[in-house]
Every structure is written in C-alpha cells, then in structure tokens.
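Enquirer: In case you want the letters, here they are:
2 protein chains.
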Amino acid sequence: MSILVVGSIAFDTIATPSGRADNVLGGSGTYFALAASYFTNVRVVAVVGDDFTAEHESVLTRRGVDTRGIERAKGKTFRWGGQYLENLNEAKTDFTELNVFEKFQPRIPQEFMDSQFLFLGNIHPSLQAAVRLEMNSVKLTGGDTMNFWIQGTRKELTETLKLVNILLINDTEAKMLAGDSSLPRAARKVLVLGPQALVIKHGEYGATIFFRESAFGVGSHPFRAPALPMEEVKDPTGAGDSFAGGFMGYIASQGEINREVIKRALFYGGVMGSFAVELFGTERLQNLTRADIDARFQLFRELTHLG
Amino acid sequence: MSILVVGSIAFDTIATPSGRADNVLGGSGTYFALAASYFTNVRVVAVVGDDFTAEHESVLTRRGVDTRGIERAKGKTFRWGGQYLENLNEAKTDFTELNVFEKFQPRIPQEFMDSQFLFLGNIHPSLQAAVRLEMNSVKLTGGDTMNFWIQGTRKELTETLKLVNILLINDTEAKMLAGDSSLPRAARKVLVLGPQALVIKHGEYGATIFFRESAFGVGSHPFRAPALPMEEVKDPTGAGDSFAGGFMGYIASQGEINREVIKRALFYGGVMGSFAVELFGTERLQNLTRADIDARFQLFRELTHLG
Chain A
1 MSILVVGSIA FDTIATPSGR ADNVLGGSGT YFALAASYFT NVRVVAVVGD DFTAEHESVL
61 TRRGVDTRGI ERAKGKTFRW GGQYLENLNE AKTDFTELNV FEKFQPRIPQ EFMDSQFLFL
121 GNIHPSLQAA VRLEMNSVKL TGGDTMNFWI QGTRKELTET LKLVNILLIN DTEAKMLAGD
181 SSLPRAARKV LVLGPQALVI KHGEYGATIF FRESAFGVGS HPFRAPALPM EEVKDPTGAG
241 DSFAGGFMGY IASQGEINRE VIKRALFYGG VMGSFAVELF GTERLQNLTR ADIDARFQLF
301 RELTHLG
Chain B
1 MSILVVGSIA FDTIATPSGR ADNVLGGSGT YFALAASYFT NVRVVAVVGD DFTAEHESVL
61 TRRGVDTRGI ERAKGKTFRW GGQYLENLNE AKTDFTELNV FEKFQPRIPQ EFMDSQFLFL
121 GNIHPSLQAA VRLEMNSVKL TGGDTMNFWI QGTRKELTET LKLVNILLIN DTEAKMLAGD
181 SSLPRAARKV LVLGPQALVI KHGEYGATIF FRESAFGVGS HPFRAPALPM EEVKDPTGAG
241 DSFAGGFMGY IASQGEINRE VIKRALFYGG VMGSFAVELF GTERLQNLTR ADIDARFQLF
301 RELTHLG
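Protein sequences appear in the order of chains A and B. Using the numbering used here, you'd call the opening residue of the first sequence number 1 and step up by one each time. Using the numbering used here, you'd call the opening residue of the second sequence number 1 and step up by one each time.
Derived from the structure by calculation, the hints contain no laboratory data. Nothing here was measured: the structure is a model prediction, and the numbers come from that model. Relax, there's no trap hidden among the hints.
If several chains are the same, the list does not tell them apart, and a pair holds so long as it fits within one copy or across any two.
Taking lysine to aspartate or glutamate and the DMTMM-like style, the derived pairs with C-alpha atoms no more than 25 Å apart in a straight line are: (1) Lys189 with Glu302; (2) Lys263 with Glu302; (3) Lys162 with Glu231; (4) Lys103 with Asp50; (5) Lys103 with Glu71; (6) Lys76 with Glu283; (7) Lys103 with Glu159.
With the hints as constraints, model all of the structure from the sequences given.
Expert: What follows is the structure, encoded as structure tokens:
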C-alpha cells in the first residue's frame, strides 16, 4: 500500500543538552516519510527552495521515498531554530523563517492520486482539507495539528477534522482543542468533532488512543502504548512526526484496518519515535534495519506485557 | 502472609472540582491498609488522638485490618486540609496540624514482630529506619518518602534507603532525590543509594519500576503499568498510598517474590489507585470485592496488551 504525506521540509538549527546541530534536514514531512519508509511505500508532497540539494533529496530517495511531489520554489527552504536546554519535552523556538513554505499550495502529482493512505502533516487546516478532498479514494486519513491552528484557525480546523479518520496530537493540544483539562474528557469531546480515533501523545509516557464507539472494532476501550525510558535523549525534534510515520506506515502495511492492527501501530509509533531522538536530526532514521525495529518492538512489549 | 504498615492516620478536609469533604478519615497508613487488605493480612502501626472514635477504627477492622498497633495519645489526631481545584495532579495544602503525629514514636506490638512484609509510610526517615531495624525477620521492605524529607533530612534518608528493598515515589521526588531531570537517569542514581527496585509513580500516566541488575530476576529491564483513563477523578487524595497498598499487598499474597509477581503487583497498584480516586476519602476502598478488583485488573490488561 502507498501512503502520501503532505508536510514541511525544513532546515533545523537545534540546541539540546547533548550538543547542537546547524541547518540539518528536518520538517514534519521528512521525519514522517523516513519513519514510514520502513513499513510501506511513501510519497511526499512538500515545497523546498534553491538551497535543497540533490544530496538532501537523496536522504529520502535512498529510503525509497517518492519525491516527485516535492515542489522547488524560488527562494530559501523553511528554516527553524529551537532549543531544549531547559526542558527536553518542549522546544523553545529561537526563530522561524517560513521562506517558500509561506506560500505553499500542495499540488498532488497525478501519479500519487492512487495512494490508499494519507497523512496530513501540521500545515494550515484549509490546505489539509483541500488535499483530503482532492484525494477521493483514500482508505484512511491521519492528521496532525498544533496550538497555532487550534487558536488561530479554529473554524477551518473544525471543517478539516470532519475529514480526518485518526487525529494525532499531544496532551496540550488535546486539552486546548477540547477546552477541557481532563485528557479522557478532552478525548471524548475531540471525537465528537469528527475523527473516529484520537491518538494523544504523552511524550516520555507514551501515547493513548481513544476510539469512537464501534470505530474499527467493538466498543470504545482506549489503548495505551509506552515510550522507551531513555537515559539520553539527544534531540527530541521530530519525535512526534516519526511516531506518526511509524503509526501510519504500519497501518498502511497491513491488509486490513482493525483494532489489533491499530494497537500494534501505536507500538510502532513509539518505536520510531524512540529511534528518532537517539541522534540529532534524522540521522538515526536514515540507517535502521527492519531487524532493529523488530528488536525494539520486542523491548516495548517486554516493558508492558505481563507473562 | 502478613504485612505491617507504619504511617499516618489523619482527618482530611479536601476540596476538588467535584466537591468537598470535611474531616474524613485519611492518612497514608489508612489508605495503604485498606488497599492492601484485599490481598493479605494487614497490621497498622500509627498514632491517633482522642477524636478517633470506635467508628473510625471500624473502617479498618471491618476490612480485617489488625489495629492493635494504633496508639491513642492525648490530643487531636493529625489533620490536613488541601485542594485540587486548579490541578488534580498536585494538592495545594491549606493547613497541616500535626497534633499527636508530631511526637509519633512507632511502637511495634510483640504480636506484629512476625510480619514478613513491611511498608514504611511517609514519616521521618529516622523513624522508618528504627522500625526496619527492629523488624529483623522481614522478607521485603517497601518504603515511601517525600520532598520534605529529601530536602530536609537527606542524611537520615540516605541511611534509610539502604534498608529499603523497594522504594515507591513520584516523578518529582525521584528527580529531586537524584538531582537529575531525566527519569531513567534519576532511577539509576536512586538505585545506587540502596533499593533493589524503584517504583516511580507518574500519576495519570501510570508507573514504571526500575530494577538493579539481577534484582528479583534476570537483567535490569524496567516495566511499566498504566493508570486508567478516567473522565472524573473525584478526589486524588491517597492515590499514591493506595497504589502502594495494592502493590505491596499483592506481593505479600504470593508465595515467592520474582519479576513476574512484581510486574503484576505494579498493575494491582494502579488498580487500587484507580478505585481510590473514584470517591472522596477512603469510601471506595471500604466497599470493594475481589471481583471488582479482578475486573479492573482485566481492564488494565486490555488497555496495554496486544493480542
């Protein structure tokens, strides 16, 4: 199965207690695509500037990612700078230069129109909706959003949420979106807005998926997957996008979509997130094997499963 | 098997978004004893004042708890007032009246000396150590502490930690005790201080147990148990002590102490914590059945286990 991701490609400048990295390849589309590439065919729709070289592109193509949807615009690629010096759980943004990303209008190549799975990365909700409406034949749509859109474009976001099957956001975003300080109550309220399932990412505590009654299976019992206790998180950038890539990539790799597949996908999300933070930027995600991934999946299982 | 708990008995005045309760029976010893009473024989060592009535005592004795170690002192019972109006995860203390608890010197009745399991509730570390040294024949000692002792009596606490097999504290306490902002690193540093295992309680995200190499089994892989996503937490007071009661009580109920028993105990800790917060004070913990507990254990399993 093929999954199409619409998101950002960026050059990140990052400082963490473990060191720093300047102008390394990043962006939600990049992290998602690399993580998902270990499970299924991945197609990227994004925009870059003149400074995006063949070498940068090869980071994706070496992983088999189809980059024909990457538009080259005049100007510079999106740049972001941030630090996690005081708190590894939340970036402090130093600068954001949208550059070519400011006028991004996703264009889906004809060859991508048959993608069965779609992931709407964290871009303006109206662009997310436009992409989704264009992709009529997708089986499942995942989506992300952030505080900026929840506060600034709530009306548009509300429309987009009706088109998303599984929304993946973090604790703070879920509480803000629902206007409720209890996560389980917030989850119920978000599900009323449209998605059939909601993944809430808790950072180092893992993630919980909440289901609408009867969505993808029986009942509405939530399910929780862990994160790996790690003594050193080198660089948290992209952990959430890598989680989404592992989660959606695994689902796309399976014949059918049911609760058991989705539960395993939640584990694979955690697995890919745990790899992402081991090295700066996307370095770790570029050089994994399926054996690495399966071994870590087993670690996640041992961490949570009774005998 | 019998477990002896040394802790506080208190009258709590609590305000939460769900309501309030005045002068209800509480204290670490009470919550622990009630939770553990569903698994094993429980003996309490604590101090109360003239205001502790036969009716209060019957809350414990109705659950089969042996109260012969409850000393009656002249004066009033420990009183605490707190609220969770802004944050269900952390109490804001309104008042603390130590009363008879201020001069508490635990005295172990001769009939309790054969207890195989011991839990040192959150009291002065020197008192914890004295009790532990008196109880020479215990198989396993669990212990709790808090920020107040970590900051104020570190030297005494360091001595006590050498006498504790399993320490149960929360995220903030673990980071403070280790002087490290990373939980897994903090865990490693705490284990160097003495305990063979460390349970870190994450509130609504569950708990993780870290092991010293080869303690209770093979290797040192951590294990994580969930908390139950609950739409309404009526009163978080005593959740941690109830967790400890379920955890230690289950271990005491088993023939041997190994990793699998400890993992299940971590689940039972979460189970008892989840019951405790459903009603104000100890009300829910007074009226459970083993079937209620087993059904919830099953819920915890379904929440985390792949098929």
